[in-house]
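Peer 1: Chain by chain, the residues:
Number of protein chains: 2
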Amino acid sequence: MSEDKLTPRAENYSEWYNQLVQRAELADYAPVRGCMVVRPYGWALWENIQQALDGRFKATGHVNASFPLFIPMSFLEKEKEHVEGFSPELAVVTIGGGQTLEEPLVVRPTSETIIGHMYSKWIKSYRDLPVLINQWANVVRWEMRTRLFLRTLEFFWQEGHTAHATAQEAEEETRRILDLYTDFAVNEAAVPVVPGLKSKTEKFAGALHSYSIEAMMGDTKALQSGTSHNLGQNFAKAFEIQYLDQNNQLQHCWTTSWGVSTRFVGAIIMTHGDDQGLILPPRLAPIQIVIVPIFRSDEEFSLVMPVVEQVKAALAGFRVKVDDRSEVTPGFKYHDWEMRGVPLRLEIGPKDVQNGTVMAARRDIPGKAGKTLIQQDQIAAQVSELLKTIQASLLQRATEFRDSNIHEPKDYADLQNIVQNGWAYAWWCEDAACEAKVKEDTKATTRCIPLDQEGGSGRCIVCGQPAARKVYFARAY
Amino acid sequence: MSEDKLTPRAENYSEWYNQLVQRAELADYAPVRGCMVVRPYGWALWENIQQALDGRFKATGHVNASFPLFIPMSFLEKEKEHVEGFSPELAVVTIGGGQTLEEPLVVRPTSETIIGHMYSKWIKSYRDLPVLINQWANVVRWEMRTRLFLRTLEFFWQEGHTAHATAQEAEEETRRILDLYTDFAVNEAAVPVVPGLKSKTEKFAGALHSYSIEAMMGDTKALQSGTSHNLGQNFAKAFEIQYLDQNNQLQHCWTTSWGVSTRFVGAIIMTHGDDQGLILPPRLAPIQIVIVPIFRSDEEFSLVMPVVEQVKAALAGFRVKVDDRSEVTPGFKYHDWEMRGVPLRLEIGPKDVQNGTVMAARRDIPGKAGKTLIQQDQIAAQVSELLKTIQASLLQRATEFRDSNIHEPKDYADLQNIVQNGWAYAWWCEDAACEAKVKEDTKATTRCIPLDQEGGSGRCIVCGQPAARKVYFARAY
Chain W
1 MSEDKLTPRA
11 ENYSEWYNQL
21 VQRAELADYA
31 PVRGCMVVRP
41 YGWALWENIQ
51 QALDGRFKAT
61 GHVNASFPLF
71 IPMSFLEKEK
81 EHVEGFSPEL
91 AVVTIGGGQT
101 LEEPLVVRPT
111 SETIIGHMYS
121 KWIKSYRDLP
131 VLINQWANVV
141 RWEMRTRLFL
151 RTLEFFWQEG
161 HTAHATAQEA
171 EEETRRILDL
181 YTDFAVNEAA
191 VPVVPGLKSK
201 TEKFAGALHS
211 YSIEAMMGDT
221 KALQSGTSHN
231 LGQNFAKAFE
241 IQYLDQNNQL
251 QHCWTTSWGV
261 STRFVGAIIM
271 THGDDQGLIL
281 PPRLAPIQIV
291 IVPIFRSDEE
301 FSLVMPVVEQ
311 VKAALAGFRV
321 KVDDRSEVTP
331 GFKYHDWEMR
341 GVPLRLEIGP
351 KDVQNGTVMA
361 ARRDIPGKAG
371 KTLIQQDQIA
381 AQVSELLKTI
391 QASLLQRATE
401 FRDSNIHEPK
411 DYADLQNIVQ
421 NGWAYAWWCE
431 DAACEAKVKE
441 DTKATTRCIP
451 LDQEGGSGRC
461 IVCGQPAARK
471 VYFARAY
Chain S
1 MSEDKLTPRA
11 ENYSEWYNQL
21 VQRAELADYA
31 PVRGCMVVRP
41 YGWALWENIQ
51 QALDGRFKAT
61 GHVNASFPLF
71 IPMSFLEKEK
81 EHVEGFSPEL
91 AVVTIGGGQT
101 LEEPLVVRPT
111 SETIIGHMYS
121 KWIKSYRDLP
131 VLINQWANVV
141 RWEMRTRLFL
151 RTLEFFWQEG
161 HTAHATAQEA
171 EEETRRILDL
181 YTDFAVNEAA
191 VPVVPGLKSK
201 TEKFAGALHS
211 YSIEAMMGDT
221 KALQSGTSHN
231 LGQNFAKAFE
241 IQYLDQNNQL
251 QHCWTTSWGV
261 STRFVGAIIM
271 THGDDQGLIL
281 PPRLAPIQIV
291 IVPIFRSDEE
301 FSLVMPVVEQ
311 VKAALAGFRV
321 KVDDRSEVTP
331 GFKYHDWEMR
341 GVPLRLEIGP
351 KDVQNGTVMA
361 ARRDIPGKAG
371 KTLIQQDQIA
381 AQVSELLKTI
391 QASLLQRATE
401 FRDSNIHEPK
411 DYADLQNIVQ
421 NGWAYAWWCE
431 DAACEAKVKE
441 DTKATTRCIP
451 LDQEGGSGRC
461 IVCGQPAARK
471 VYFARAY
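Chains W and S, in that order, give the protein sequences.
With our numbering applied, the first sequence corresponds to residues 1 to 477, in that order.
With our numbering applied, the second sequence corresponds to residues 1 to 477, in that order.
Treat the hints with care, as some may be off.
[As the list claims (entries may be wrong)] For each label pair, taking beta carbons as the anchor points, the in silico distance ranges come out as:
hint	chain 1	residue 1	chain 2	residue 2	range
1	S	S74	W	G458	36 to 46 Å
2	W	N187	S	Q453	49 to 59 Å
3	W	Q396	S	G317	37 to 47 Å
4	S	S74	W	T100	18 to 28 Å
5	S	T372	W	Q99	49 to 59 Å
6	S	E84	W	Q99	17 to 27 Å
For the record, the hints were derived by calculation from the structure and aren't laboratory data.
Just so it is clear, the structure is predicted and the values come from calculations on it, not from any experiment.
Quick reminder that beta carbons are idealized off the backbone N, C-alpha and C, glycines included.
So here's chain W without its partners, still in its complex pose (with noise of 0.2 Å):
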């Protein structure tokens, strides 16, 4: 199914991932403009990302609801910078059962409004508080450029939405959200994300301020990867999300609102992909271990099959796929699996029988280097020591990928160098208009201004005014 090379990464990087995404069978286009369709494999990786999110949510004390598809359209215009965002990208129900709707229903692109009409309902002592639900959903966005798991009209995500007494707290969750991302994005997904705050204009529409982290790819664009918005009484006000507070007084809630999306997997992708496709961090990967065996006759193959399946057995614990396909060679099957980013193979060939050895290749060291004679007898512990060691090594890698492709411009023009190809760090004085003036002159945006800056402060790498922090400029998918 994937005999042929993907176009390499420096000749068009758009060109292999598009490639890579429907030859690893990760997706499809659907028939409807801009769709997606998630095929089992890729399916499979954002399941895996579901449960490691998940794990966290509940570990944090949040839990999971399902709120309607359909929002009315009046909500949306209940806050007016949410309003304004979302309107351009609305798709419209205005047809129910052979009926013109009297009131035409939004798909929801985000779910701020309804969640907070039903939280107006169910809130009404400070003992509610607080409430902490997520949930798991589709959400559709009339985007008109689109890219699988980049950008599509229909997408997955969670959403996470909190109400909360007091701002400190709604601060906090944010906060906590934003590390718990980072977390996930860093220790299970081996994507060394960068966390901090969006500028303004960056924002999400109707936040008081936005949190993101925000990832390198192989062709050191950014992608923002997560959000973690505070919404300060914005939506309560709007909604009349009110409590009555220990001294029987009406207040208004602090809300937060916060999401990662199937635009994680085009993260994974873009951050440890090589010319022979995808290559997956053990902890999400759908197969960590794909065992392949060797044979040339049916008496060989008679021969190795045994082991194979003790060895399958051995590796209960993990998760394991044996291809033993007669129609293919063994060739054609490594090929196969290194396009699918399995982190690791195992070759059981007539010799390794004899010998009572097994050849483990790993995805992300090609060829000799990356092979490992293993005995028989230790494959659990030495397979689980080497999926643990790429783990570290595909995070090592990108870590460092991304730190040599961030510069600090000297000056205005050094900076319009840099983001050419790579992430320029710069003091910036928050005002829009330099912001805009970057965009304009190299289409680079602020990406997001860390949180554990060093300190001091500078002058505006744009209009040289006093600056306090320092942001990162990127271009960005």
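Place chain S on chain W using the hints.
Peer 2: Only chain S this time, still in chain W's reference frame:
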């Protein structure tokens, strides 16, 4: 939150149901007509249902994927029966990104058409078969009369869609899933369903034939709780799902589809619930055990809580909730968790601290009869036993209730009488006219023709013509 008593089932079953769903905080009405909000407690129950089904799907070789929410209107029109069945129920998007769409998009009522389209792209050879894909999704049907969980505009389900090389394999798959659903319903939900064949009138629009599992609710009405359809080559022909067989001949595939939805939550409520509220089968209950500390002072609280924590730790393998609220009485808490159907309550007071005991109260047996004094040092083993007993007892009780409300009518007048308050099991000639007459006269419909019949033959209970099989007639949700 649930001080008031429910309307008794005997007084108004439908009122009882509606009140229970809201007071147990399973679901709430959405601001859009006919849509529901599934609240965290209800969603946790659905997640457990999902997990139990998903494990069974994966164990039988199925994989998950995700297909788009939007379907071009023209796709639905390709299968004649299918479009006739679904067109009165469609929600249609006519505006996207501020523009009127050239081709309106249907919000999927089910996904045979769009999945059929993709299968025609993916399937080339007999080597690609079978394709065994499931998706967990939301679907929309523009229903006029809605009830929370039972019939909502948007609902949640899994829909399996498989493609096979032969008619026999497709039929085997259809039946395998019917068995799987039966096993799930009986052994996880303690809902003693009857599996069987739907009549031609009641089958899925576009299927060759459909099977269903039918459950008897507490008011003796039937609830179709899952369906499995053999689609023959209808969709394969409409969407050109073809493969090259081993002789290099182009053949149409044989396809199936099957689903269980959030409706099943309604089945659980109405199979087990009583006038105090919900009763959940332990295997699916989000909270299996609630521990209520009994204390009348801060001192007693300090005395009791360490033991509560100890007991909780001993029950780490179960889903346990400690209700340590101090603003409400133990009696209030009992009522509260009874409403929510938690299978087992553990009470721990100062006396229990002294005696090394815990009082266990079964949700399914009210009052003293359901109470057992347990030694703290045997808590895990005893609780495990009790939960198994409750699970078995719920199934037994529901089975007895079902069987005592199924009657074999002597004649047509008897049938008319029986279906007023039970199911009639009777010979039927399988003619749609007889089915229509029963519906007209009694509102009862054919539910299913069970697969394991005693054999023999008889005369149709309606027209007296020869009949080969018996069918269940019942009023249904």
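Peer 1: Decide, hint by hint, whether the structure agrees.
Peer 2: Here is what the structure says about each hint:
no.: 1; hint: S74/S x G458/W: 36 to 46 Å; verdict: violated (60 Å)
no.: 2; hint: N187/W x Q453/S: 49 to 59 Å; verdict: holds (58 Å)
no.: 3; hint: Q396/W x G317/S: 37 to 47 Å; verdict: holds (38 Å)
no.: 4; hint: S74/S x T100/W: 18 to 28 Å; verdict: holds (21 Å)
no.: 5; hint: T372/S x Q99/W: 49 to 59 Å; verdict: holds (57 Å)
no.: 6; hint: E84/S x Q99/W: 17 to 27 Å; verdict: holds (18 Å)
Hint compliance for this structure: hint 1 alone is broken.
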